[in-house]
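Protein chains in written order, with our numbering: chain A, 9 to 348; chain B, 9 to 348; chain C, 9 to 348; chain D, 9 to 348.
These are computed hints drawn from the structure, not numbers from a lab.
One thing to keep in mind: the hints can contain errors.
[Said to hold, decoys possible] Derived DSS-like pairs: lysine-lysine, alpha-carbon spacing no greater than 27 Å straight-line:
no., chain 1, residue 1, chain 2, residue 2
1, D, 37, D, 340
2, C, 92, A, 13
3, C, 310, C, 13
4, C, 24, A, 37
5, D, 13, B, 37
6, C, 310, C, 92
7, D, 96, D, 37
8, C, 105, C, 92
9, B, 37, D, 37
10, A, 174, B, 280
11, D, 92, D, 141
12, A, 37, C, 13
[What the hints assert, rightly or not] Some chain C residues judged to face chain A by a derived CB distance under 8 Å, without partners named:
no., residue
13, 11
14, 32
15, 35
16, 139
17, 148
18, 149
19, 151
20, 154
21, 228
22, 231
23, 256
24, 267
25, 272
26, 275
[To be verified] Covered stretches of chain C (chain D as the covering partner; in silico rule of three or more C-beta atoms under 8 Å from a C-beta of chain D):
no., stretch
27, 196-207
28, 214-226
29, 334-348
Please read all numbers here as calculations on a predicted model, not as lab measurements.
Even for Gly, the Cβ is constructed at its ideal location relative to N, Cα and C.
Number of protein chains: 4
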Amino acid sequence: MNQIKIGIIGAGRIGKIHADNLLRLPQAKVVAVSDLFAGPELEAWAAERGIGTVLTDSAELIARPDIDAVFICSSTDTHVPLIKQAAKAGKHIFCEKPVSMSIAQTEEALEAVREAGVKLQIGFNRRFDHNFKRVREIVGEGAIGETHIVKITSRDPGPPPADYIKVSGGIFMDMMIHDFDMARFVSGSEVEEVYAQGNVLVDPVFAEHGDVDTAIVTLRFANGALGVIDNSRQAVYGYDQRVEVFGSKGSVAVTNDHPNTAEISTSEGIRKDKPLHFFLERYQAAYVEETQLFIDCLAQGKPLPVEGNDALQAERIALAAKLSSRLRRPVKLSELPELL
Amino acid sequence: MNQIKIGIIGAGRIGKIHADNLLRLPQAKVVAVSDLFAGPELEAWAAERGIGTVLTDSAELIARPDIDAVFICSSTDTHVPLIKQAAKAGKHIFCEKPVSMSIAQTEEALEAVREAGVKLQIGFNRRFDHNFKRVREIVGEGAIGETHIVKITSRDPGPPPADYIKVSGGIFMDMMIHDFDMARFVSGSEVEEVYAQGNVLVDPVFAEHGDVDTAIVTLRFANGALGVIDNSRQAVYGYDQRVEVFGSKGSVAVTNDHPNTAEISTSEGIRKDKPLHFFLERYQAAYVEETQLFIDCLAQGKPLPVEGNDALQAERIALAAKLSSRLRRPVKLSELPELL
Amino acid sequence: MNQIKIGIIGAGRIGKIHADNLLRLPQAKVVAVSDLFAGPELEAWAAERGIGTVLTDSAELIARPDIDAVFICSSTDTHVPLIKQAAKAGKHIFCEKPVSMSIAQTEEALEAVREAGVKLQIGFNRRFDHNFKRVREIVGEGAIGETHIVKITSRDPGPPPADYIKVSGGIFMDMMIHDFDMARFVSGSEVEEVYAQGNVLVDPVFAEHGDVDTAIVTLRFANGALGVIDNSRQAVYGYDQRVEVFGSKGSVAVTNDHPNTAEISTSEGIRKDKPLHFFLERYQAAYVEETQLFIDCLAQGKPLPVEGNDALQAERIALAAKLSSRLRRPVKLSELPELL
Amino acid sequence: MNQIKIGIIGAGRIGKIHADNLLRLPQAKVVAVSDLFAGPELEAWAAERGIGTVLTDSAELIARPDIDAVFICSSTDTHVPLIKQAAKAGKHIFCEKPVSMSIAQTEEALEAVREAGVKLQIGFNRRFDHNFKRVREIVGEGAIGETHIVKITSRDPGPPPADYIKVSGGIFMDMMIHDFDMARFVSGSEVEEVYAQGNVLVDPVFAEHGDVDTAIVTLRFANGALGVIDNSRQAVYGYDQRVEVFGSKGSVAVTNDHPNTAEISTSEGIRKDKPLHFFLERYQAAYVEETQLFIDCLAQGKPLPVEGNDALQAERIALAAKLSSRLRRPVKLSELPELL
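Given these sequences and hints, build the entire structure.
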């Protein structure tokens with residue numbers, strides 16, 4: 009495979025980011041983009057970038073013989089059907105998280121991928137962040153011994169719009185799912201049990217949709233380690249993304265990135281600037297790297313760095329957390345089939 | 009009241025620390041010390057410090073008319089009877105934590121104190137630590153708005169001796185009780201529900217005594233805030249004592265104290281020295297301040313800074329955590345009477 | 009002016025970096041590259057990037073009518089003649105620092121630029137670094153009041169090859185010239201006097217070329233502020249680039265960037281990774297920004313952010329420092345004409 | 009020698025601090041204090057501390073046979089005569105810095121000490137600071153290799169009263185003398201040459217007394233290393249006391265101590281409290297340790313940790329700096345005899 013020809017499905021913010029990152033890779037070529045609301049604006053955007061084809065119909069894009077792989081960046085409810093279609097058409101797939109909000113449907117999608125023998129990468133972009141990669145590396149090389157405690161803090165600078173909250177799937181499936189993947193990634197172990205509690209402390213709109221805006225989830229891992237994740241939909245000081253892994257030989261902790269290292273000392277005290285504002289700023293390089301690795305691995309026939317099973321496992325934990333929060337008791341992942 | 013005359017009951021490590029700190033206060037005078045194992049060594053120690061009386065019998069000490077207040081630094085099982093005796097004798101009391109491992113007994117002791125009209129201060133030394141006081145101050149002045157999340161990390165540099173583990177009352181009553189008090193202190197709210205999970209990851213000896221060495225407890229506060237505490241009996245890099253409070257207007261976080269600020273940069277990387285070793289080093293100034301405030305408040309007739317109810321509430325949370333860990337479900341503090 | 013057509017003179021490391029950064033800018037188009045040693049390798053490099061023309065003769069490149077601006081990235085001794093030729097040909101110019109090692113020649117080059125009415129930007133890339141820009145901003149908005157002291161630390165991870173040392177012009181002209189520019193940039197004031205001292209502590213090869221590898225230079229600014237710069241050719245822990253400005257209302261200090269924020273705590277102590285290795289890593293974004301601004305300003309007819317006079321002033325300070333070091337006394341910049 | 013009997017000469021702020029620190033040492037006993045302005049207030053102060061004798065005449069104090077050692081805490085102009093008298097009387101001596109503002113007189117005083125065979129410790133308290141001791145230790149154990157660059161920042165929170173400025177001896181002798189001693193202490197090498205420049209940027213009152221309030225001094229050490237010290241009489245953000253030593257194998261840097269580790273994050277940015285206010289707060293433990301070591305070394309017949317020669321060398325550097333500033337040229341310490 010010489011140059012990977014890419015079609016992008018869904019030209020919202022994240023679709024455009026992936027497109028721009030792909031444009032910089034000599035081994036990739038974005039040949040088409042589809043969006044339900046494609047129009048003159050998207051056509052101009054595509055023209056500027058030398059993307060020759062703009063479509064409204066994703067099926068048409070998937071059907072094109074000159075496309076090797078698709079990026080599925082449309083809304084979550086379209087992921088499963090699109091994965092199935094793309095797999096059937098023999099296209100490799102990059103799909104944003106989550107694959108779906110139903111374990112059964114996600115499993116169906118993964119089955120389609122397996123059957124078709126195509127490759128699927130999930131957009132867990134944080135795995136490619138310089139800080140979290142370093143945590144994984146340190147843990148992986150045994151520098152902190154056996155893992156005992158995993159702590160993840162993940163807080164957004166502000167809540168999403170009410171329209172989004174309604175269809176988001178709730179904090180555990182929409183927001184904390186990244187942290188569930190992170191927990192698996194840095195610990196190198198599967199989660200066996202969760203206990204979730206949440207509350208509405210930021211904005212009553214969350215309650216209207218049966219959701220919470222503040223949550224703490226504790227985890228029990230297969231290797232005996234314990235974990236805890238805290239989420240808030242609103243950290244007024246900015247995007248707060250920290251991880252700590254504590255083990256028998258020590259700990260490794262990463263904290264936020266800042267736009268600069270300036271420390272300003274005055275008679276009022278000492279201050280520094282807030283962290284990088286949000287995921288676009290914080291994970292800019294991670295987005296570049298995840299697309300680069302997708303292309304490189306396809307080009308070289310290597311396994312992809314985040315696979316379908318990673319989506320499935322994170323979704324299972326998210327679902328267990330949702331149930332735990334509703335049932336007000338710890339939930340084992342092994343209980344999932346009967347609880348659903 | 010001019011100079012407060014003090015008797016110290018129990019001349020172990022902590023009793024001696026309190027004695028030395030009291031000796032520096034012009035308004036206090038240590039006149040007697042009692043210890044079951046008093047002998048020539050303790051007599052020499054007392055003589056060096058100008059403490060005139062050394063006894064084996066605490067009752068004799070309590071009976072002395074020249075004593076205004078006692079420091080109860082003997083083993084936990086003696087706390088309740090000694091508080092009762094001292095209260096009856098009209099002595100003010102400084103008592104190490106916990107008062108007892110039984111809510112009923114602690115309540116009896118507090119009742120005796122109330123009846124006698126004496127004052128009782130509990131040895132929650134961490135409230136006097138420069139870092140945690142600053143957290144309380146920041147939260148108290150509203151700088152971070154309404155409290156949403158409280159996070160406490162508390163890890164010892166190494167486990168206590170096996171003999172101690174056996175009688176310690178378990179990690180929740182012995183170690184995490186400090187953190188339960190801290191949670192109440194920094195949040196300014198009562199805990200309503202806990203979910204505790206633990207594991208034996210450090211040393212199998214804990215399992216032999218039905219105890220755990222690693223634990224995560226989540227809290228739900230009366231004001232709706234959520235909290236989480238993690239404990240380990242062994243952080244090989246040293247005493248790890250951190251607190252973070254996150255609220256509607258921001259967050260405040262304190263981290264460990266180090267013996268110096270040196271940053272050493274070599275071709276291997278950048279390193280600094282481990283945190284202050286353990287509680288004697290980290291809380292040295294806090295121990296001084298808690299005795300100073302005890303004396304000052306007595307001398308000036310002011311209320312004491314940590315009272316009997318603080319012991320009771322922390323013990324209730326610890327007990328609920330112990331039950332939660334055993335029952336493997338969240339426990340409301342309101343359930344305690346029926347569960348006991 | 010629609011799209012700026014660029015010719016790159018000198019296809020060494022820095023020329024290639026500028027080319028790659030320009031390739032990402034829609035408003036710029038690299039149409040030609042010249043290099044004395046152009047050959048199949050450079051042709052392949054250019055072809056991959058869609059750069060149509062590869063030349064050995066820079067004069068030929070400058071003569072091309074389809075070129076609006078040139079990047080002069082060849083060796084320092086070629087800068088002045090190339091600036092003159094490019095100016096005469098009506099091309100805008102981006103030139104790497106220093107323009108020359110002779111004040112007279114630099115002045116001639118600037119005169120040619122003025123006469124031709126073209127624009128000239130100097131490659132003081134550090135002005136575009138996120139940290140130093142923030143220092144300038146803080147100082148500029150008066151947050152630290154009047155400037156009293158400027159401190160700059162600038163140390164390379166390792167010395168350049170001996171061949172380079174021979175023709176480098178010495179530590180003041182080759183390395184510290186960046187810091188002289190930084191001193192002017194962050195203080196917003198001109199330097200009036202310097203005192204330079206150096207020593208050979210890293211490698212005797214520097215002595216063989218009449219150079220030093222370790223130097224401290226103090227500065228006196230026109231506004232009365234004092235300054236100090238320290239340079240070392242070898243910081244074994246990596247590229248060390250820090251600035252501090254202290255004033256009547258406070259101070260602002262920036263420190264190094266690191267590849268990640270990981271803090272690893274073990275029984276040995278606490279460590280973090282070394283700073284970003286060298287200028288390519290540290291100033292990657294700054295290189296992007298300086299070319300972006302060059303193009304933007306040309307396209308919009310705005311003044312360029314670093315002009316010829318900035319090169320001249322930094323060279324004058326460097327020369328004064330060189331003289332001070334030789335004469336072992338402070339040198340006023342006003343003495344320069346008579347001392348040369 | 010069992011218990012060291014101490015007389016304190018000069019009961020100003022620093023004399024009282026030493027007294028209080030000595031009172032905590034079982035091996036020391038403060039038996040007398042003298043002060044020109046002794047009166048009821050000082051008598052009350054002494055009585056509270058069990059110091060039996062209060063005198064106005066220091067000669068009377070020195071003459072007392074029950075005194076083993078004196079602390080000279082009176083004004084600088086009295087140091088030399090008091091050292092001579094005390095030495096003649098066979099008393100060991102702790103003397104505040106500087107011994108005098110004249111090399112000749114300081115040498116006379118040291119000669120008297122030598123002749124009498126008594127011991128003399130100089131109050132360079134910063135050598136006992138936890139941070140600077142650690143720097144010395146790191147350098148001493150070779151962890152950073154050969155020393156190349158020493159950097160010292162030392163800024164006061166605010167200027168002293170005008171009355172004090174007049175008699176202070178100037179910034180180099182009064183303030184930077186501590187840093188000259190620090191330079192010798194951390195480098196383990198003697199200073200051979202200095203170049204000093206200063207300016208009046210904080211308050212014109214300094215100019216009235218021929219003094220400056222802002223100064224940068226560069227140093228050349230006997231071992232070839234270079235150094236730089238910057239001083240300001242006013243850092244509005246608080247006492248700024250930092251040291252960095254850079255060498256062939258790395259660097260060690262210490263920064264300020266803060267009253268707590270709190271980091272407060274809000275929508276405005278991230279802030280922390282200012283450093284410990286001034287020398288009394290920052291060097292509290294260092295003052296305790298210097299008196300403790302004085303007593304311990306006397307009691308055990310060991311050499312004192314900071315001796316007369318340390319005072320002499322720091323004074324010589326200060327004098328050379330003063331001359332350099334006046335002559336506007338570098339001054340070698342070997343030039344001192346002829347320049348004076």
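Hints versus structure:
| no. | hint | result |
| --- | --- | --- |
| 1 | D:37 / D:340 | violated (44 Å) |
| 2 | C:92 / A:13 | violated (46 Å) |
| 3 | C:310 / C:13 | holds (17 Å) |
| 4 | C:24 / A:37 | holds (23 Å) |
| 5 | D:13 / B:37 | holds (25 Å) |
| 6 | C:310 / C:92 | holds (22 Å) |
| 7 | D:96 / D:37 | holds (22 Å) |
| 8 | C:105 / C:92 | holds (16 Å) |
| 9 | B:37 / D:37 | holds (20 Å) |
| 10 | A:174 / B:280 | violated (48 Å) |
| 11 | D:92 / D:141 | violated (31 Å) |
| 12 | A:37 / C:13 | holds (25 Å) |
| 13 | 11 | violated (12 Å) |
| 14 | 32 | holds (7 Å) |
| 15 | 35 | violated (11 Å) |
| 16 | 139 | holds (5 Å) |
| 17 | 148 | violated (13 Å) |
| 18 | 149 | violated (11 Å) |
| 19 | 151 | holds (6 Å) |
| 20 | 154 | violated (14 Å) |
| 21 | 228 | violated (24 Å) |
| 22 | 231 | violated (20 Å) |
| 23 | 256 | violated (10 Å) |
| 24 | 267 | holds (6 Å) |
| 25 | 272 | holds (5 Å) |
| 26 | 275 | holds (7 Å) |
| 27 | 196-207 | holds (count 4) |
| 28 | 214-226 | holds (count 4) |
| 29 | 334-348 | holds (count 3) |
Hint compliance for this structure: hints 1, 2, 10, 11, 13, 15, 17, 18, 20, 21, 22 and 23 are not met, and every other hint is.
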